[in-house]
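Chains A and B are the protein sequences, given in the same order.
Just so we're aligned: the first sequence equals residues 930 to 1498 in the numbering used here.
Just so we're aligned: the second sequence equals residues 930 to 1498 in the numbering used here.
Since the hints were derived computationally from the structure, they do not count as laboratory data.
Some hints here could point you the wrong way.
Said to hold, decoys possible - With a straight-line Cα cutoff of 25 Å, these simulated SDA-like cross-link-like pairs (lysine to any residue) come out:
id : chain 1 : residue 1 : chain 2 : residue 2
1  : B       : K1451     : B       : S1374
2  : A       : K1187     : B       : R1245
3  : B       : K1187     : A       : N963
4  : B       : K1222     : B       : G1184
5  : B       : K1305     : B       : G1184
6  : B       : K1226     : B       : K1420
7  : A       : K1086     : B       : R1245
8  : B       : K1086     : A       : L934
9  : B       : K936      : A       : N963
10 : B       : K1111     : A       : R1123
11 : A       : K947      : B       : K1420
12 : B       : K945      : A       : G975
13 : A       : K936      : A       : R956
14 : B       : K1090     : A       : R1123
Model, not experiment: these values are computed from the prediction.
Spelled out from the first residue to the last, the chains are:
Number of protein chains: 2
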Amino acid sequence: MDYALFKRISKVTLGKEKADLVLKGGRIVDVFTNEIHTADLAIKDGIIAGIGTYYEGEEEIDMSGKYIMPGFIDSHLHLESTMVTPNELVTIAAGCGTTTFIVDPHEAANVSGTAGIDYILKQTEASPANVYVMMPSCVPATDIDDNGCELTAAKMKPYLKESRILGLGEVMNDPGVVYGDKKLHEKLRLFAGRPIDGHAPFLAGDELSAYALAGIMTDHESTSYDYAMEEVRRGIHVHIREGSAAHNLEAIVKGIVKNHIPVDNFSFCTDDKHIEDILRDGHINYNVRRAVKLGIKPVDAIKMATINAARCYGLRDLGALAPGYQADIIACESLERFDITDVFHKGRRLDKDSSPKVLPCDGELKNTVHLSPVSKDIFVLPIKDKTAHVIGIDASQITTKHTIKRLGNTDNYIPKNGLNKIAAIERHKGTGKVGVGICSHYGISGGAIASSVSHDSHNIIVVGDNDEDMAIAVNEIIRAQGGYTLVEKGKVYDTLPLPIMGLMSDAGFSEVNKKLQRMIKKAHQMGIPDEVEPYITLSFMALPVIAEIRITPRGLFDVNAFKFIDKQG
Amino acid sequence: MDYALFKRISKVTLGKEKADLVLKGGRIVDVFTNEIHTADLAIKDGIIAGIGTYYEGEEEIDMSGKYIMPGFIDSHLHLESTMVTPNELVTIAAGCGTTTFIVDPHEAANVSGTAGIDYILKQTEASPANVYVMMPSCVPATDIDDNGCELTAAKMKPYLKESRILGLGEVMNDPGVVYGDKKLHEKLRLFAGRPIDGHAPFLAGDELSAYALAGIMTDHESTSYDYAMEEVRRGIHVHIREGSAAHNLEAIVKGIVKNHIPVDNFSFCTDDKHIEDILRDGHINYNVRRAVKLGIKPVDAIKMATINAARCYGLRDLGALAPGYQADIIACESLERFDITDVFHKGRRLDKDSSPKVLPCDGELKNTVHLSPVSKDIFVLPIKDKTAHVIGIDASQITTKHTIKRLGNTDNYIPKNGLNKIAAIERHKGTGKVGVGICSHYGISGGAIASSVSHDSHNIIVVGDNDEDMAIAVNEIIRAQGGYTLVEKGKVYDTLPLPIMGLMSDAGFSEVNKKLQRMIKKAHQMGIPDEVEPYITLSFMALPVIAEIRITPRGLFDVNAFKFIDKQG
């Protein structure tokens, strides 16, 4: 601590001067001893000066009857996924008591490289919470990806000096880790001694051991208690994930409770949680509430949301209430409901009723669809030998089914019988790479749907039942410089522009949500089944690491065999 | 981890090559999950490659029936205190299962500054254990000390690059911390972000808060459960001490057990433990055994001795058994007795029967008594006003009693009625400073006793009943360049030379111990009561921070008033 700062704060600690703020008579949750005791908490210059029974402050707030805890920590999330600007998500989640976010700007980096990371850092500089960044480790995600930028160890190196860059982000290339990919291991060495996040949902025992051996320290992909325990036994800290799509908490927590496992090596994360879900259920406080309901002791659940995560990431002044700790403090009235009534970040009270600020974005990042308008000819799909490989969409899973359908030979396949054409168009470097294929169980009819949000490379993905509307949809995405669009019978029905890297809107959450709901409704009217979320489903169709078959700008890809079926690019 | 190393070890992890060593079928204690499960543990290149049921090794050792644990960690100790060379102590304690030592070379630094620290680092480089060094923070201990060297922040700075320098050693100058001494805070800032050890046995509530606020992270001076809890509540990690002199374990552990306090923020240390005590009772395994006996669950006690300490000091590859962790492994047959049967450091088995090596010491460090022979005239002590301040020695305490005795006026006091003369003679810089006083309840008669071990400045301390023998004793210490001596009626009875900085012998433990026991016996015969340990008692008489009265080379010092009674220097 800076000397002058120490001198100022210690005067409050020693009772010689008034604090800036004293929270009076709350029930302080002590994550070091598991005690709850009633005391005053004194804050000076954004830092906890002392906890006792005699502090006076310039401002004093009566906290009697409330539980006072350290602010919660989301150990792993992606800010880009909600399609709003980073500060909006952070501010809304902070209102639920999450005061620290460990973010991985994997999507931004895939589009705009280090400029995308700089954007996330800059946008969250003045947010009412701590936002730390893990350097995206796998950009591009695979060797067969056509993304916007390659993030090499050399490009990462200057970021080691940035105080908000904590470590290396989720290392998804687990074969690269386990079997010693040189370029990837360069990155691991670069971040040696710092936190390195993992992503390994399906590793076998000895491969998981090799993954840990390489220095991977966390994982948030455990979906079962047994797998989580396999990780913890190998020294891997498990972030129990409960987000919009992934619901892993119940399975893991039930096992912990049943088997009396200590919670030291577990934290919480959301990974991806949409704003509408946060507004309805809460954020990390939802994970805490659920864990307590399933039998974790309240203070243990609070520790998982605070000190455990802080220790995991070496954040020494976060995650506890004690002298010298940052005054990130939250309060609630019930250790069952965990409805957060008060949030303080660096000793400043968060105004939960004010709308979060939408911060402007620089020009370059709003100009990332580097593609000239296309003609319908790019969607021509000849069929020979009367068969075609078809992507079978499964409404309940992120995985797809690889089927082979008998169809008539043709110079250009025309979709019918509920099938659609699907295409992925490279949009970062204007390479002209276009992959075209057929998908089933999506069912759009009389038009096309397109998006620039398409994991992990975020090329343009489009599905339709005719080439003309597919071209209109793609050209509309180009015009808007990214977004979601829906085309019906030759005309654009509506477009949600996502001009920031083709991933985010700067129109504000309520505007985005209103338009999105209208477009989703229309998409269902055009034939997409109710159980299929039109745009999220679309966003995974080009992801070549999830089984069984995907479309990429280089053509159809057999994930299980890890090779192209029909290389066109 | 280095890439080539990863490639080599991962082949073992993945079952493609044989391990160097496999410990077969032991009961592995998992400090992450609190489980104990039977498995093989494979080691390659000194690192744990994997834990499973199928490993093969070039060497295999049957461990059936034994408990396999991570090597224990002594969180705080001083190697100099046993008077033998560092490698001897480390090797003997390693035989009891302590494979990591967090040492504070406070004594060596007080005599020889950074050269003393370099000595400790060098001597332990090839020891069969990890020896990490905390930079001594308070050298000299106070402004009124006459020691060998001032260790400023500037002198410490180059050591930040040394991988075995972990952080800042016990900050004993607690008023300096609490009330903002600038030079001390410079050191705290220099080590910001690294571990900073405390030493604060008696701080009041808000002073303890200010101590924590300043960034002090640990303390090993808690003697009661209540005080330990006051520290833990403030985020201070408590090292529960059980050494030769201090026995704090029972009081603290009983409280932990009674109040169901989690053990996360507790570790173990010895601080000072003599080799004869280690050989009789054990080292950190003794702390573990005692804790279990008092009701701590065995795996929790093991965690306190391993992962808790490793996390406290940021030692990421120590304190657990998992892939990538250093193969510091110990075994025992009972989780009650904790008699350690096997010790491996970096995968190499410690030969418990071989004698520890005594490593040679360079010339400069064996020439640290910079003082010309003295005459008896330096001990002249006039008495005016018929009174004298007397140091009352208390056999059962390190504290002394400040009494004022009525004596006859004289130009040079001659001891009688069980009183002695006591003197402290500056020996580092030949300043000629000599403080002379009177002490009671030590009782040597017909001679003198002297030592160059005298906390914290390690000047020469001498007690006798006549000036002639006191001069002979001091001159013998000068001749031997440090040590313990005993003089009877004008002749040196015997001397234990401690030529290494005047603190340690390089003659080997058994030689040292034999001579020491003989001299102690004789000292008691010369009148020192059985309950007074002659040399250890002597070594605290010049320590001006422990109440109530001390002798320093500058004269008698009233510790309570923190001022000299009779400044002579």
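Outcome of the hint check:
As the CA atoms of K1451(B) and S1374(B) are separated by approximately 11 Å, the hinted pair is consistent with the 25 Å bound. Proposed proximity of K1187(A) and R1245(B) is contradicted: the alpha carbons are some 29 Å apart, above 25 Å. Distance check on the hinted pair: K1187(B) and N963(A) sit about 14 Å apart at the alpha-carbon level, within 25 Å; holds. Under the criterion of a C-alpha separation no larger than 25 Å, the hint pairing K1222(B) with G1184(B) is consistent with the structure, at around 14 Å.
A hinted pair counts as satisfied when its Cα atoms are at most 25 Å apart, and K1305(B) with G1184(B) does not qualify at roughly 54 Å. For the proposed pair K1226(B) and K1420(B), the alpha carbon gap of about 57 Å is over 25 Å, so the pair is violated. At most 25 Å may separate the alpha-carbon atoms for a hinted pair to count; K1086(A) and R1245(B) meet this at roughly 22 Å. In summary, the hint linking K1086(B) to L934(A) is supported, as the alpha carbons are separated by about 22 Å, within the 25 Å threshold.
This hinted pair does not check out: K936(B) and N963(A) have alpha carbons roughly 43 Å apart, beyond 25 Å. At roughly 31 Å between alpha-carbon atoms, K1111(B) and R1123(A) are farther apart than 25 Å, so this suggested pair is violated. Distance hint between K947(A) and K1420(B) is unfulfilled; the C-alpha atoms sit about 67 Å from each other, more than 25 Å. Proposed proximity of K945(B) and G975(A) is contradicted: the alpha carbons are some 55 Å apart, above 25 Å.
At roughly 28 Å between alpha-carbon atoms, K936(A) and R956(A) are farther apart than 25 Å, so this suggested pair is violated. The suggested pairing of K1090(B) with R1123(A) holds, with an alpha-carbon distance near 17 Å, which does not exceed 25 Å.
In summary, the structure is inconsistent with hints 2, 5, 6, 9, 10, 11, 12, 13 from the numbered list given earlier, while agreeing with the others.
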